[in-house]
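J.: Mind docking chains B and C on chain A? Use the hints.
Chains as they are written, first to last, in our numbering: chain A, 1 to 194; chain B, 1 to 122; chain C, 1 to 161.
The reader is advised that the hints may include incorrect statements.
List time: in silico EDC-like cross-link candidates among lysine to aspartate or glutamate, alpha-carbon distance up to 20 angstroms [said to hold, decoys possible]:
#, chain 1, residue 1, chain 2, residue 2
1, C, Lys52, A, Asp70
2, A, Lys129, C, Glu135
3, C, Lys102, B, Glu59
4, A, Lys181, C, Glu58
5, C, Lys5, A, Glu36
6, C, Lys64, A, Asp33
7, C, Lys136, A, Asp70
8, A, Lys16, B, Asp109
9, B, Lys19, A, Asp79
10, C, Lys136, A, Glu49
11, C, Lys63, A, Asp33
12, C, Lys63, A, Glu152
13, C, Lys63, A, Asp151
Just so you know, these hints were derived from the structure itself, not from any lab.
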Amino acid sequence: MIAQLSVDRASQVLSKLIRSGARITLERAYMTDISEATAKINAQENQAEVIGSMVDMMGDAPFKFLFYADAPSCLILTDLILQREVGLTKEFNIYVRSTIQEIGNIMASAVCNVFASDFEIAMKPTPPKVVHDFLGTVFQEFVMGTAAERDEVMIIESRFYIVRYDVKCTIYILPFPGSDKTINYICNTRLKGE
Amino acid sequence: MAGRILIVDDAPIIRLMLKDILVANGYEVVGEGSDGNEGVQKYKELKPDVVTMDITMPEKDGIQALEEILAMDEDAKVIVITAIDQREALMEAIRVGAADYIIKPFETDRVLSAIRKVFGEG
Amino acid sequence: MSDEKILSVGVGDIQVAKAPIIITTYLGSCVAVCLYAPLHKVGGVIHFMLPKAGPTHEGLILKKEKYADTGIPELLRQLKNVFKLEKDAFVAKIFGGANVVKSVSRQFGQENVEAAGEIIKRLRMNILASHTGGEKGYKIMFDLNTGKVNCTVFGGPPIEY
Chain A
1 MIAQLSVDRA SQVLSKLIRS GARITLERAY MTDISEATAK INAQENQAEV IGSMVDMMGD
61 APFKFLFYAD APSCLILTDL ILQREVGLTK EFNIYVRSTI QEIGNIMASA VCNVFASDFE
121 IAMKPTPPKV VHDFLGTVFQ EFVMGTAAER DEVMIIESRF YIVRYDVKCT IYILPFPGSD
181 KTINYICNTR LKGE
Chain B
1 MAGRILIVDD APIIRLMLKD ILVANGYEVV GEGSDGNEGV QKYKELKPDV VTMDITMPEK
61 DGIQALEEIL AMDEDAKVIV ITAIDQREAL MEAIRVGAAD YIIKPFETDR VLSAIRKVFG
121 EG
Chain C
1 MSDEKILSVG VGDIQVAKAP IIITTYLGSC VAVCLYAPLH KVGGVIHFML PKAGPTHEGL
61 ILKKEKYADT GIPELLRQLK NVFKLEKDAF VAKIFGGANV VKSVSRQFGQ ENVEAAGEII
121 KRLRMNILAS HTGGEKGYKI MFDLNTGKVN CTVFGGPPIE Y
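The shape of chain A in the complex, shown without the other chains:
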């Protein structure tokens, strides 16, 4: 339930940010072994160069958030966010990195908002970290902290597709160890009306 609400809210802010509809093409929450999850990502052939924005959300139920898009999509997103003609941005400059940084920041905050307003779980973001690298490298740096504490983790994964511009982006939400228990407890308590 939280995964669905979070992804819906993230999709809404993304659409608002780029002033274009972003369709959710995949949405799932699952437990996975970190070695298997990273091996699957690493197995992807002709792996894309991506720019990813990682945000840690700290508070009662801390989680990590990753937003990434492949290189050509990042250039298009920059033009969209600046409301310029698509195709004008051609090189990976500070504005392209910053676009991904801010999209990650704003989407992560939207997810936080779900926790805060719908479940009264207080959260606060740390400044985003932007990484421009292989997808496999970005993903493993993202899971590193959690992988140091657990072999199996819960991951919420969602893909967005901006139809008009053929742009694909992905988000991952990774609860810190213990957060899943906090979230379950709070949800169960609220659902029972206590």
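T.: Same frame as chain A, now just chains B and C:
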């Protein structure tokens, strides 16, 4: 006379977006800062009419920078800009003395209405 | 290159295989140690993330492949189990350990590289080649037919080791 505005945000894209909106509507962007420390420093140097201040920044966050600017100049007009749509952070900013706030992602109209309100324009 | 020939290694993982398999992985602060027995055309890769094993903050014990000090011996144990070869049959190559996400806290990449070097040395094994450090990710493809590792640092050309 054009209003003089200092933009403080760690995201270059947000600084560019705000600058585009403000310059297109007749305001003068006198400087930019990428964190709270720079924001306070540039306020001292440039003495702008209005500051737009992101809350979540590295080194020093926007609330701390806001406090320091108001300690230097109690008449300073600072509009906080945040992606966090949370009452707590915004209430803290208002309590400290922010003149107004804007939530990201922002629309041009919202930016301009906040700026005009702070300048006392209609 | 057909999919059947490629074996992907994840974080905290070991893969052992024989020619004509190519073992591949991507690295950030993690380090990959590639062991190859040239006379037998067999080998393995460990992709570890931390230098030293120990309980987590919650007191959990995680899989030994995540750490250099328990994982590298585990790689040798698996190679012995599967191919009946002792460590003297193998040579080592080390990759990764970059500082990709800059942070003021620990430099895990550097610690991992140092740990890999120390453990291989302690085992009295030969380090034939290595490419470590920097601030960008690594893609490595370990060809068990030749023992060569094709290593690409993000933004750079592929180099064969």
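J.: Hint by hint, say whether it matches the structure.
T.: We went through each hint and held it up to the structure:
Using a Cα cut-off of 20 angstroms, the hinted pair C/Lys52 and A/Asp70 is violated, with the two alpha carbons roughly 34 angstroms apart. Among the hinted pairs, A/Lys129 with C/Glu135 is consistent with the structure: their alpha-carbon atoms are about 14 angstroms apart, no more than 20 angstroms. As the CA atoms of C/Lys102 and B/Glu59 are separated by approximately 14 angstroms, the hinted pair is consistent with the 20 angstroms bound. Restraint check: the Cα-Cα separation between A/Lys181 and C/Glu58 comes to about 14 angstroms, which is no more than 20 angstroms; the hinted pair holds.
The straight-line distance between the Cα atoms of C/Lys5 and A/Glu36 is roughly 18 angstroms, inside the 20 angstroms bound, and the hint therefore holds. Simply put, C/Lys64 and A/Asp33 have alpha-carbon atoms about 14 angstroms apart, close enough for the 20 angstroms limit, and the pair holds. Of the pairs offered as hints, the one joining C/Lys136 and A/Asp70 holds, with about 16 angstroms between alpha carbons and a cut-off of 20 angstroms not exceeded. The hinted pair formed by A/Lys16 and B/Asp109 meets the criterion: a straight-line CA distance of about 14 angstroms does not exceed 20 angstroms.
With a CA separation close to 16 angstroms, the supplied pair B/Lys19 and A/Asp79 stays within the 20 angstroms bound. For a cut-off of 20 angstroms, the pair hint linking C/Lys136 to A/Glu49 stands: about 12 angstroms separates their Cα positions. For the proposed pair C/Lys63 and A/Asp33, the alpha carbon gap of about 11 angstroms is at most 20 angstroms, so the pair holds. Taken as a hint, the C/Lys63 and A/Glu152 pair is honoured in the structure, with Cα atoms around 11 angstroms apart against an allowance of 20 angstroms.
A distance of roughly 7 angstroms separates the Cα atoms of C/Lys63 and A/Asp151; the hinted pair therefore holds under the 20 angstroms criterion.
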